Amino acid sequence: MDPKRYRQLVQERAPKPNVVRDATRAFLLGGCIALIGQFVFDYFRLIEPTRGEAVAATLATMIFFGAVLTAFGVYDKLGEWGGAGAAIPITGFANSMVSSAMDFRRDGIITGLTSKLFVIAGPVIVFAVVVGFIVGLLRSAFLGLFA
Amino acid sequence: MIYFWAFVIGGLITAASQVVLTYTKLTVAQLLVILVSLGAILNGFGIYDRLIDFAGGGALVPVSGFGSSVVAGVVQEVRRLGWEGLFTGVFELTGLGLAAALVFGFGLALVARPKG
Amino acid sequence: MSAATVAPATKRVGKYTLAIDQVRIAQRATVVGPREGAGPLGKWFDQVEQDHMAEQPTPEKAERYFLKQAVQLVLKKAGLSPDEIDFFLSGDLLNQVITSSFTAREFGIPFFGLFNACATFGAALTLGSVLIDGGYANRIIIGASSHYQSAERQYRYPIELNVQRKATNQWTVTGAGAALLARDGSGPRITMVTPGRVVDYGLSDTNDMGSAMAPAAADTLLRHLSDTGRSIGDYDLIVTGDLSAQGSKMFRLLAKDAGITLGNTHQDCGVLIYSQEQQPGAGGSGAACSTTVILSYILSEMENTRYRRVLAIPTGALHNPLTASQGETIPCIAHAVVFEL
Numbered sequence: 000m001d002p003k004r005y006r007q008l009v010q011e012r013a014p015k016p017n018v019v020r021d022a023t024r025a026f027l028l029g030g031c032i033a034l035i036g037q038f039v040f041d042y043f044r045l046i047e048p049t050r051g052e053a054v055a056a057t058l059a060t061m062i063f064f065g066a067v068l069t070a071f072g073v074y075d076k077l078g079e080w081g082g083a084g085a086a087i088p089i090t091g092f093a094n095s096m097v098s099s100a101m102d103f104r105r106d107g108i109i110t111g112l113t114s115k116l117f118v119i120a121g122p123v124i125v126f127a128v129v130v131g132f133i134v135g136l137l138r139s140a141f142l143g144l145f146a
Numbered sequence: 000m001i002y003f004w005a006f007v008i009g010g011l012i013t014a015a016s017q018v019v020l021t022y023t024k025l026t027v028a029q030l031l032v033i034l035v036s037l038g039a040i041l042n043g044f045g046i047y048d049r050l051i052d053f054a055g056g057g058a059l060v061p062v063s064g065f066g067s068s069v070v071a072g073v074v075q076e077v078r079r080l081g082w083e084g085l086f087t088g089v090f091e092l093t094g095l096g097l098a099a100a101l102v103f104g105f106g107l108a109l110v111a112r113p114k115g
Numbered sequence: 000m001s002a003a004t005v006a007p008a009t010k011r012v013g014k015y016t017l018a019i020d021q022v023r024i025a026q027r028a029t030v031v032g033p034r035e036g037a038g039p040l041g042k043w044f045d046q047v048e049q050d051h052m053a054e055q056p057t058p059e060k061a062e063r064y065f066l067k068q069a070v071q072l073v074l075k076k077a078g079l080s081p082d083e084i085d086f087f088l089s090g091d092l093l094n095q096v097i098t099s100s101f102t103a104r105e106f107g108i109p110f111f112g113l114f115n116a117c118a119t120f121g122a123a124l125t126l127g128s129v130l131i132d133g134g135y136a137n138r139i140i141i142g143a144s145s146h147y148q149s150a151e152r153q154y155r156y157p158i159e160l161n162v163q164r165k166a167t168n169q170w171t172v173t174g175a176g177a178a179l180l181a182r183d184g185s186g187p188r189i190t191m192v193t194p195g196r197v198v199d200y201g202l203s204d205t206n207d208m209g210s211a212m213a214p215a216a217a218d219t220l221l222r223h224l225s226d227t228g229r230s231i232g233d234y235d236l237i238v239t240g241d242l243s244a245q246g247s248k249m250f251r252l253l254a255k256d257a258g259i260t261l262g263n264t265h266q267d268c269g270v271l272i273y274s275q276e277q278q279p280g281a282g283g284s285g286a287a288c289s290t291t292v293i294l295s296y297i298l299s300e301m302e303n304t305r306y307r308r309v310l311a312i313p314t315g316a317l318h319n320p321l322t323a324s325q326g327e328t329i330p331c332i333a334h335a336v337v338f339e340l
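Protein chains in written order, with numbering that gives the first Met the number 0: chain R, 0 to 146; chain B, 0 to 115; chain C, 0 to 340.
It is worth saying that the hints were derived from the structure and are not from the lab.
In this text the structure is predicted, and so the values were computed from the model without any measurement.
Possibly wrong hints are sitting among the right ones.
What the hints assert, rightly or not - Derived DMTMM-like pairs: lysine to aspartate or glutamate, alpha-carbon spacing no greater than 20 Å straight-line:
id: 1; chain 1: C; residue 1: Lys14; chain 2: C; residue 2: Asp226
id: 2; chain 1: C; residue 1: Lys165; chain 2: C; residue 2: Glu276
id: 3; chain 1: B; residue 1: Lys114; chain 2: C; residue 2: Asp226
id: 4; chain 1: C; residue 1: Lys75; chain 2: C; residue 2: Glu151
id: 5; chain 1: R; residue 1: Lys3; chain 2: C; residue 2: Asp50
id: 6; chain 1: B; residue 1: Lys114; chain 2: R; residue 2: Asp1
id: 7; chain 1: B; residue 1: Lys114; chain 2: R; residue 2: Glu79
id: 8; chain 1: B; residue 1: Lys24; chain 2: R; residue 2: Asp106
id: 9; chain 1: C; residue 1: Lys60; chain 2: R; residue 2: Glu79
id: 10; chain 1: B; residue 1: Lys114; chain 2: C; residue 2: Glu151
id: 11; chain 1: C; residue 1: Lys255; chain 2: R; residue 2: Asp1
id: 12; chain 1: R; residue 1: Lys76; chain 2: C; residue 2: Asp204
id: 13; chain 1: B; residue 1: Lys24; chain 2: C; residue 2: Asp204
id: 14; chain 1: C; residue 1: Lys165; chain 2: C; residue 2: Asp226
Stated by the list, open to error - A few chain B positions that, by computed beta-carbon distances, are all more than 12 Å from chain C:
id: 15; residue: Leu20
id: 16; residue: Val27
id: 17; residue: Ile40
id: 18; residue: Gly106
id: 19; residue: Leu109
By construction, the Cβ of each residue, glycine as well, lies at the ideal position given by its N, Cα and C atoms.
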């Protein structure tokens with residue numbers, strides 16, 4: 000069979016993903032994690048003096064939750080069930096760091112654990128910082144903050 | 000009402016991500032990078048902050064909220080310090096979470112083993 | 000030197016196939032993890048470990064433990080010591096074939112480390128048979144291994160990462176198999192081998208290796224049939240390595256396109272090893288997949304005379320994470336081996 004024809008056939012015969020089921024699960028799981036985030040945010044709005052500090056504390060708390068659920072071997076099961084519902088929230092970002100560190104723990108603390116913490120999270124941080132810097136610069140200029 | 004919208008907006012962002020992952024060749028890593036950048040850009044237009052006012056955790060918890068917070072921190076610090084804020088502001092709101100991820104990640108990886 | 004002055008290779012059949020005389024699987028042993036032990040073939044394996052880490056500190060060491068157990072078990076069953084073995088031929092999926100090399104360190108048998116990805120066992124069977132048939136060895140131990148955690152680390156993601164598996168994803172088999180090839184003994188004979196060519200139909204989705212490997216399996220099957228003049232009806236069973244559910248479907252389509260209907264004659268080790276309740280995605284994979292299934296279930300059923308002539312086609316995908324991230328397509332290989340009672 001001609002390779003081109005075969006590639007076409009592979010596409011035609013690929014198992015059909017159950018988009019409705021997967022998106023529903025992602026919606027429910029992502030929604031629940033966001034709702035928990037809202038409760039945490041509410042709490043910090045009460046005790047923190049500024050909204051910015053409440054945001055910072057909320058992100059950190061959610062990251063803590065994600066890290067602990069990873070260590071207990073729960074977060075990968077959430078991901079298997081809810082897909083993007085587990086991957087897209089900031090808890091999934093924490094999961095990517097802790098899971099990498101746990102996997103490479105056996106290769107040593109310096110050559111393994113600590114150097115592999117950023118294997119998956121690294122690009123997210125770099126893009127957040129670089130894009131955030133550029134957009135922050137433009138926005139500050141637009142607001143006339145450098146005058 | 001904020002709880003309803005937190006659930007719905009948070010759910011919609013992740014459900015839309017799921018659909019994108021299903022129908023495109025994008026990997027989760029690529030999508031995370033896109034979302035975090037998108038959050039930063041939307042904050043630049045003053046949109047993402049309004050979404051956080053409206054949906055709270057629903058906008059804050061997806062990684063796009065992380066990107067948005069970087070910009071919010073930069074603007075806040077530029078207001079306070081001038082141009083130095085462009086650099087110090089990057090981690091103003093996100094530094095707490097990043098340091099937490101590093102410390103908890105390090106500590107937990109020391110004691111926990113992958114279960115598989 | 001003109002071609003006429005060279006004696007023709009007398010042990011070849013057709014263009015690609017080699018005829019093997021008097022080589023048997025004299026002994027065999029399989030050691031697998033708990034997941035494989037709980038699967039439909041559980042009772043056929045010699046040893047099922049209760050812990051997939053086998054109480055070892057790293058997954059790489061655990062994989063080595065499985066291979067060493069399998070080799071020791073074969074030696075014990077045969078009542079032989081390592082210095083009575085002429086060669087140890089073995090391979091695995093880890094960089095620099097470390098599982099096999101490090102295991103070979105323990106036995107002091109002349110050693111070749113093989114890499115044909117998940118088709119490695121086919122390469123070991125082929126080369127082992129040729130060495131014995133050529134008069135260069137009396138007894139050879141061949142082996143292959145893989146481990147879910149070490150393979151994930153090498154090819155995919157951290158174990159605890161929130162990854163949603165796709166329907167075409169496969170599950171790497173944790174385990175190892177070893178066999179003693181010899182002229183004497185009473186096990187099934189190896190009568191022919193058709194070595195694989197590297198075949199690449201331009202697929203690059205590492206989440207669907209079955210579809211990438213199917214053309215290699217079909218290529219080898221067609222060359223084997225054309226060389227030998229045999230048809231599917233001459234075999235009781237044609238068993239592929241780890242095409243899985245998806246790859247098997249594509250393999251049947253390719254065969255059908257060439258005018259061959261496989262029907263119930265075809266089975267796949269990757270489909271056999273796990274039940275659907277175990278949620279293995281499309282099925283098992285890894286170098287241990289074809290190795291442990293052939294060396295336990297398939298050859299035992301031959302000895303029970305359920306099958307008298309079997310064509311085994313271990314399949315392998317020859318990419319690595321680097322080539323995948325550089326956007327290269329997946330080259331694949333499949334070796335065919337004929338077992339007869």
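Comparing the hints with the structure gives:
At most 20 Å may separate the alpha-carbon atoms for a hinted pair to count; C:Lys14 and C:Asp226 meet this at roughly 6 Å. A C-alpha spacing of about 16 Å is found between C:Lys165 and C:Glu276, which places the hinted pair at or below 20 Å, so the restraint holds. Between B:Lys114 and C:Asp226, the direct Cα distance comes to roughly 49 Å. Violation of the 20 Å bound is thereby established for this hinted pair. A threshold of 20 Å between alpha carbons decides the hint, and for C:Lys75 with C:Glu151 the separation of about 32 Å lies outside it, so the pair is violated.
Taking the CA atoms of R:Lys3 and C:Asp50, the gap is about 45 Å. The hint is violated against a cut of 20 Å. Distance check on the hinted pair: B:Lys114 and R:Asp1 sit about 44 Å apart at the alpha-carbon level, beyond 20 Å; violated. At roughly 14 Å between alpha-carbon atoms, B:Lys114 and R:Glu79 fall within 20 Å of each other, so this suggested pair holds. Between B:Lys24 and R:Asp106, the direct Cα distance comes to roughly 32 Å. Violation of the 20 Å bound is thereby established for this hinted pair.
Proposed proximity of C:Lys60 and R:Glu79 is contradicted: the alpha carbons are some 27 Å apart, above 20 Å. Pair hint B:Lys114 plus C:Glu151 holds up; C-alpha atoms about 13 Å apart against a cutoff of 20 Å. The hinted pair formed by C:Lys255 and R:Asp1 meets the criterion: a straight-line CA distance of about 14 Å does not exceed 20 Å. About 24 Å separates the Cα atoms of R:Lys76 and C:Asp204, which puts this hinted pair outside 20 Å; it is violated.
A threshold of 20 Å between alpha carbons decides the hint, and for B:Lys24 with C:Asp204 the separation of about 9 Å falls inside it, so the pair holds. At roughly 38 Å between alpha-carbon atoms, C:Lys165 and C:Asp226 are farther apart than 20 Å, so this suggested pair is violated. Taking the minimum C-beta to C-beta distance to chain C, about 8 Å, the non-interface status of B:Leu20 is violated against the 12 Å cut. Some Cβ of chain C comes within 12 Å of the Cβ of B:Val27; the nearest lies about 8 Å off, and the non-interface call is violated.
At roughly 26 Å, the least C-beta separation between B:Ile40 and chain C is larger than 12 Å, which holds for a residue marked as non-interface. The claim that B:Gly106 lies off the interface holds: its Cβ sits roughly 15 Å from the closest Cβ of chain C, which is beyond the 12 Å cut-off. Against chain C, the non-interface label of B:Leu109 holds: every CB pair exceeds 12 Å, the least being about 14 Å.
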